[in-house]
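Q: Here is what each chain is made of, one letter per residue.
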Amino acid sequence: MILKAEKISKEFPRQMKNANRFTAVQETDFRLNPGELVIIMGRSGSGKSTLLNMFAGLLQPTAGKIFLDDKSLYDLEDQELSKLRNQHIGMIPQGQTALYSLTMLENICLPYTLYGEEPHEADACALLDRLEISHLRNAMPSELSGGELRRMAIARAMMKKPGILLADEPTSDLDDETTKIVFSFLKESAHNGTAVLIVTHENDAKNYADRSFRMNAGMLCQD
Amino acid sequence: MKKTGLILDIILFMLSTALCFGTKFVFHACAPKEDGGWMVCHWAEQAVFGLGLVLFFLSSVMFAFKDGKTKSGMILAMEAIAALAAILPNHLINLCMMTDMRCHSVMKPAVLILGILIMIVGVIAIIIHRKENDV
Amino acid sequence: MRLSKSLPFRNLAGKPIRTAILILLTALLSLTVFGGTLMITSLKTGLHSLEDRLGADIMVVPYEATTKANLENIVLQGNTGYFYMDTARLEKIQSREGIGQISAQFYLASANSGCCTIPVQIIGYDPDTDFTISPWIKKSYRNTLQKYDIVVGNDLNAFVGDTLKFYGVECHVAAKLDKTGTSFDTTVFTNADTIKALIQSSLDLHLNTFQNIDPDKVVSCVLINADEEHTPEEIVNDINLHVKKVKAIQTKEMISGVSDSLAGVSNVISILIIAVWLLGIMILLLAFTMSVNERKKEFAVLRVLGASRKKLAGIVMQEACITAFSGSTGGICIGLLIMIPFNNLIEEQLHLPFLLPDVSQLIVYIISAVILSVLTGMISASVSAFRISRIDTGLILRGDN
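Chains as they are written, first to last, in numbering that gives the first Met the number 0: chain A, 0 to 222; chain B, 0 to 134; chain C, 0 to 400.
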């Protein structure tokens, strides 16, 4: 699947010195191809997460269009867009994102169960094995460490083998060893044909990237 | 599961205590006659009190046992006794002449409700205790 | 593993204390509305039943009865007592103008009903002229009562075929009446022949407070229905003016005290229902808002995983529906457990006629109370559901970094 952004920008209403609008993302074009791993780096508040949320169909750009293959995301109804996100876009949000009343395995199967579909438990177990957390499948989120929860979120995002994988700081506050496990897994997913976009602070991420970008005050530039 | 089982045991103990001593002191049958003699309902009250004492004994002794199966057995016995207590007033032993008298309007319904509650909680407790054993 | 269906369940199970509080709250709501409505209805049914049972426009009693063994206490409060007047007075009353139907009744209280020291009120009627008791007895007993046959009120612990002894006379229970929720439930009814024999026996045993009466020449009270040309008020005035040593009372006036207290009790209950309901809605509103706010991030995650706005709202509404349904069912069960077994106690405490509605009506109340509680729960939750369907996912997920 190809994710394509045409002349997108995002402004938020906010009281500024000269204007009452704040530009989070300046007009930009972007293309994410299948099988490649792209990273976007930049300081906090530079607009990386806003960009990612726009790509995920969660935040409508002020101008421009975003296409998934040939479908313009924001021309779809909310229900259609949600279903599309469920099927084709895997997202690893920032921070701890488990549902605390469900076990790890149930959390991972959520993309299926949310739509009343029977989850492929074998796939889930394979993912857990690959991320080295299969022994925790029946644990509750409150019993897990930050690294384990993050790996759970990655497994959950990959559960439906999405065409696009968007990761927002997937390795923040993880130790070096876990960071390595995570990046090599993401790289492997790209190898298998997924288009992977990672927003990160981690300089090591460049070693895994096919292309890398830098975001500076809402401007996206190729590194 | 253990915690749920313990909570249910405590509830059973409380209900049994209520049935036993409540029948005697709170929702007791009619007061004695002016000449000091008892009305028929007194004997129903005494019988319920007796059954209540057995329930009280079983439910307190149960805390001394850890095994789920033993507990289930004891609760099973309590089920039968509670059922007997529930139907005792007016069905097995006659109460007073008028149903608006205390033995009918207070003791009978209170004993019936407590008996039924013990039976319901008992069934749940048996299920939980048997599960405890499976684990 | 149909988790999508059980996700609201799992959310609720994951927070047992919060869920228990929500369930308890809805239980309280449904208990108040169900218990309160049932109470008001039972009181109203009781009053209608009392009106039906009195069945006459006017009661005439010996003048002493209005002070000493108060007639109203016997009829309305279930106290026992008896008083007599000469049959000559009955004849005088009969001769007055405007009388449609007229029948005499005979009262007696048992000294000992055979088991307990509580005396039982015995009312005898004249089968030839009676128009108040016979139609009611006919519902339970089609044959004519023979001598020493009695019909017992529903609250008496005696059954058809039993034998009860009054003043040494054995009487046979021919029928048991349906419940009326009034003092008539503890009354024994019999025909004039039987009660005259009982009165005679009480006199023979020196257990009657009256000593020099001839059972064949006395009656206790006279019941009258006005004919079409006269109002009960006219007849009451006429009798009170022209017949000595008697007092005529309009039954409507007798009941007015009861209906006044009933209106008072009903008002208190209605206000209570409204107050609890308003308070409950406010607490529920707050509880749902808190519960959803606390899990904003979880909802944002569901959105990321592909839940539509509608689906998020659906989850909140389903949670509300489950808690409200289980709560209201619980509340109604508690209500039934209190109201049905203890209805005699309630009647006794209120000193008002109290008759539970029949099963079909009860089912209607149960269903209405459940629907009302579930609706209230869902309306309270709909504010939160709407808000959660509008969440800014990006903003919430960024929140903790």
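A few of these clues could be false.
[To be verified] Simulated pairs of lysine-lysine, BS3-like, Cα-Cα distance not exceeding 30 Å:
id : chain 1 : residue 1 : chain 2 : residue 2
1  : B       : K65       : C       : K178
2  : A       : K179      : A       : K64
3  : A       : K70       : C       : K309
4  : C       : K216      : C       : K243
5  : C       : K14       : B       : K2
6  : C       : K43       : C       : K243
7  : A       : K82       : C       : K309
8  : C       : K295      : A       : K64
9  : C       : K178      : B       : K32
10 : C       : K137      : C       : K216
11 : C       : K175      : A       : K64
12 : C       : K14       : B       : K1
13 : C       : K91       : C       : K295
14 : C       : K216      : A       : K82
15 : C       : K178      : C       : K164
16 : A       : K160      : C       : K295
17 : B       : K130      : C       : K14
18 : C       : K43       : C       : K138
19 : B       : K32       : C       : K91
20 : A       : K160      : C       : K309
21 : C       : K243      : A       : K82
22 : A       : K64       : A       : K3
23 : C       : K164      : B       : K32
24 : A       : K64       : A       : K6
25 : C       : K138      : A       : K3
[To be verified] Which stretches of chain C does chain A cover? Using the computed rule of at least three CB atoms under 8 Å from a CB of chain A, they are:
id : stretch
26 : 233 to 243
27 : 302 to 310
[Stated by the list, open to error] Here are the computed distance ranges between Cβ atoms for each label pair:
id : chain 1 : residue 1 : chain 2 : residue 2 : range
28 : C       : K14       : A       : N17       : 13 to 23 Å
29 : A       : Q95       : C       : I16       : 15 to 25 Å
30 : C       : A12       : A       : D68       : 17 to 27 Å
31 : C       : T208      : B       : L91       : 30 to 40 Å
32 : C       : R389      : B       : L75       : 21 to 31 Å
33 : B       : D34       : C       : R17       : 50 to 60 Å
34 : C       : M289      : A       : Q95       : 57 to 67 Å
35 : C       : I370      : A       : K6        : 45 to 55 Å
36 : C       : M289      : A       : L83       : 45 to 55 Å
37 : C       : E293      : A       : N137      : 18 to 28 Å
38 : A       : H134      : C       : T288      : 30 to 40 Å
If you're looking for bench data, these hints aren't it; they were derived computationally from the structure.
Just so it is clear, the structure is predicted and the values come from calculations on it, not from any experiment.
Yeah, the Cβ is synthetic: ideal placement off N, Cα and C, and Gly gets one too.
Q: Please name the hints from earlier in the document that this structure breaks, with their numbers sorted from lowest to highest.
A: 1, 2, 6, 11, 13, 14, 19, 21, 25, 26, 28, 30, 32, 34, 36
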